[in-house]
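Student: Put chain B on the given structure of chain A with help from the hints.
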Amino acid sequence: MADVTLYHWEPNANSGKPMLALEEKGVAWTSRYINMLAFDQHKPEYLAINPQGTIPAMTHGKLVLTESTAIMEYVDEAFPGPALMPADPQDRWRVRWWMKFMDQWLGPSFSMLGWSVFVGPKVRQLPREELEAAIERIPLPERRRAWRKAIEGDFSDEELAESRRRVALGIAMLEEELGRRDYVATDGYSLADINVFNSTYSLPVSQPDLASREKTPNIMAWLKRVYQRPAVQRTWAMGTTDLATRYRLVMEEVG
Amino acid sequence: MPDSSSAPVLYHGEPNGPSLSVLAALAESGLAIECRAIDLLAGERHALPGVEVAQALEYAVEGEGPVLVANGEAMSEAVFLAQYLDEAAGGCGLQPADPYARWQMLMWCRQATERLSPAVAYLGNLAHSQARLAATGHGEFAALLATIASEDQRKRWQELRDGVIDAAKVEDSKAKVAQFAARIEAQLADGREWLMGPFSIADLETCAWLRSMRELEADAFAGQDRCLAWMDRAEARPSVQAALARATTANPAHSFAPGPEINRWG
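Order-wise, the sequence lines are chains A and B. Read in order, the letters of the first sequence are residues 1 to 255 in our numbering. Read in order, the letters of the second sequence are residues 1 to 266 in our numbering.
Please note that a few of the clues may not be correct.
What the hints assert, rightly or not - Just a sample of chain B residues kept apart from chain A, beta carbon distances all over 12 Å, derived:
| no. | residue |
| --- | --- |
| 1 | S76 |
| 2 | L144 |
| 3 | Q158 |
| 4 | R214 |
What the hints assert, rightly or not - Among the chain A residues that face chain B by a calculated CB cut under 7 Å, a handful are:
| no. | residue |
| --- | --- |
| 5 | L65 |
| 6 | E77 |
| 7 | A78 |
| 8 | P89 |
| 9 | K100 |
| 10 | F118 |
| 11 | Y183 |
Said to hold, decoys possible - EDC-like mimics (lysine to aspartate or glutamate), calculated; alpha carbons at most 20 Å apart, straight line:
| no. | chain 1 | residue 1 | chain 2 | residue 2 |
| --- | --- | --- | --- | --- |
| 12 | B | K169 | A | E158 |
| 13 | B | K155 | A | E158 |
| 14 | B | K155 | A | E162 |
| 15 | B | K169 | A | E142 |
| 16 | B | K169 | A | E159 |
| 17 | A | K62 | A | D157 |
Just so you know, these hints were derived from the structure itself, not from any lab. Every residue, glycine too, gets a C-beta built ideally from N, C-alpha and C.
If we strip away everything but chain A, and leave its shape as in the complex, we get (with noise of 0.2 Å):
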């Protein structure tokens, strides 16, 4: 037993980051379920193993470690297992650029629209109390802003926009990047796939006039290779909620 314990949400997005890479190196680990939803990230047990309240968080023995992609390189380096960096260093350099622009730049266009259309509205079913109760126990003020703003619908046509101008780039700067190779950044599976996949998988679905097997048939293709692995199978099985739903449809999509 490595001593590995993941505090995550559903596999998607950040949580889904770990839970891959962990899975794919073959790491035993104990499954800590957050309900993202029901706030349990900002409850004084899990602000103790990380303060800043946000998922996911891994424990290693006595170590702490958080952020998603951050976790994921030191699951990389610390266990045995297959390689998810490449060797040569232009490989690893293009793995990180693609992953910092998904964290930095093209991620946060899918997450506001992810939480205007879904979080959004879900939490917005609490009593009033409880979700100003909610908000107040969050540490980080940026944080607490963003859920307000999810939370309150508050999203301007301007910002929203502008998300949905983001993801079409980032779709056609991956079915371009997907045209060069057979995977992002690199010629095999990294943890630069891993990254864009938590984010993407579910684009036929979510996005059908942006990405589909007419429109960008590299990514399509790309996602049925990942969707293939044993990892990715059995990581997603771990999902509950909607989103067990959402990969059924996405299976079917990709075909």
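Tutor: Below, chain B without anything else, positioned relative to chain A:
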């Protein structure tokens, strides 16, 4: 056709911010890579020879930073270029070998690139680059903008030229610079010489961005004596001295071009 097999070239601005960070990392690595100075505020970064794959240049989150052209590919982002140089040199000591120490370094660098560098770039551009850009002729500026592929990057250039000042962003940026100086002070409280213990990319990246703020945001460093002493040590390193010696202007800490955007969501 550009010759993609030609030797790599590092195109850099004045030694400040990301250009300083990468030039110093190159000196630390000992690699013999040709360096060519370009004027970032004239948009020269968007018209480099020998680039066949340009996406990392066009969509760099870092904004107008240095570009390494290798095998026909434009490579960007100062921290990753420093990692590349370290790894291409077979490990020159810029990254810890222990996975957890490496995670700590990457987390520090991420704070520097996500919180500190957008703040410094915002304040530095307004103080030092806005006037020059505003004085650029209309046709000349339009021609410059036409070479920039990224729409949001073009918008940052345009707003800088137009002198658009967002008071909330100015305040937020000042606060972030002060918070970072305090964060460094706390990190050094145990008497360590460098941010991660041994010298690393974290020192280069942080010092390269923060040093211009000594003049512009002097109050942020009041009472932060360990932070100031650390910055002096970093600047005294031969690699940083070699990078600073590449300056073609009187004070490279005044040299800015549109940088990373301030987080737009969460």
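Student: Mind checking the alpha carbons of K62 (chain A) and D157 (chain A) for me, to see if they're no more than 20 Å apart?
Tutor: Outside the cut-off at roughly 46 Å; violated.
Student: For the restraint on L65 (chain A), tell me whether the closest CB of chain B is nearer than 7 Å.
Tutor: holds (6 Å)
Student: Using the nearest Cβ pair, does Y183 (chain A) come within less than 7 Å of chain B?
Tutor: Because about 16 Å separates Y183 (chain A) from the closest Cβ in chain B, which is outside the 7 Å limit, the hint is violated.
Student: If I take the minimum Cβ distance from S76 (chain B) to any residue of chain A, is it greater than 12 Å?
Tutor: violated (7 Å)
Student: Per the stated criterion, does the least C-beta distance between L144 (chain B) and chain A lie above 12 Å, as a non-interface residue requires?
Tutor: holds (21 Å)
Student: Is it the case that Q158 (chain B) keeps its Cβ farther than 12 Å from each residue Cβ in chain A?
Tutor: Non-interface label stands for Q158 (chain B): nearest chain A Cβ at 15 Å, farther than 12 Å.
Student: Could you check if E77 (chain A) really has its C-beta closer than 7 Å to a C-beta on chain B?
Tutor: Interface hint status for E77 (chain A): holds (4 Å vs cutoff 7 Å).
Student: Is it the case that R214 (chain B) keeps its Cβ farther than 12 Å from each residue Cβ in chain A?
Tutor: Per Cβ check, R214 (chain B) is outside 12 Å of chain A; nearest 27 Å; holds.
Student: Please verify that hint: K100 (chain A), Cβ, nearest Cβ of chain B, below 7 Å or not.
Tutor: holds (6 Å)
Student: Does the CB of A78 (chain A) sit less than 7 Å away from some CB of chain B?
Tutor: Since chain B brings a Cβ to about 4 Å from A78 (chain A), closer than 7 Å, the hint holds.
Student: Is it true that the CA of K169 (chain B) sits at most 20 Å from the CA of E158 (chain A)?
Tutor: holds (19 Å)
Student: If you take the shortest Cβ to Cβ gap from P89 (chain A) to chain B, is it below 7 Å?
Tutor: Holds, because the Cβ-Cβ distance from P89 (chain A) to chain B comes to roughly 4 Å (cut-off 7 Å).
Hints 1, 10, 11 and 17 from the list above are not met by this structure, while the remaining hints are.
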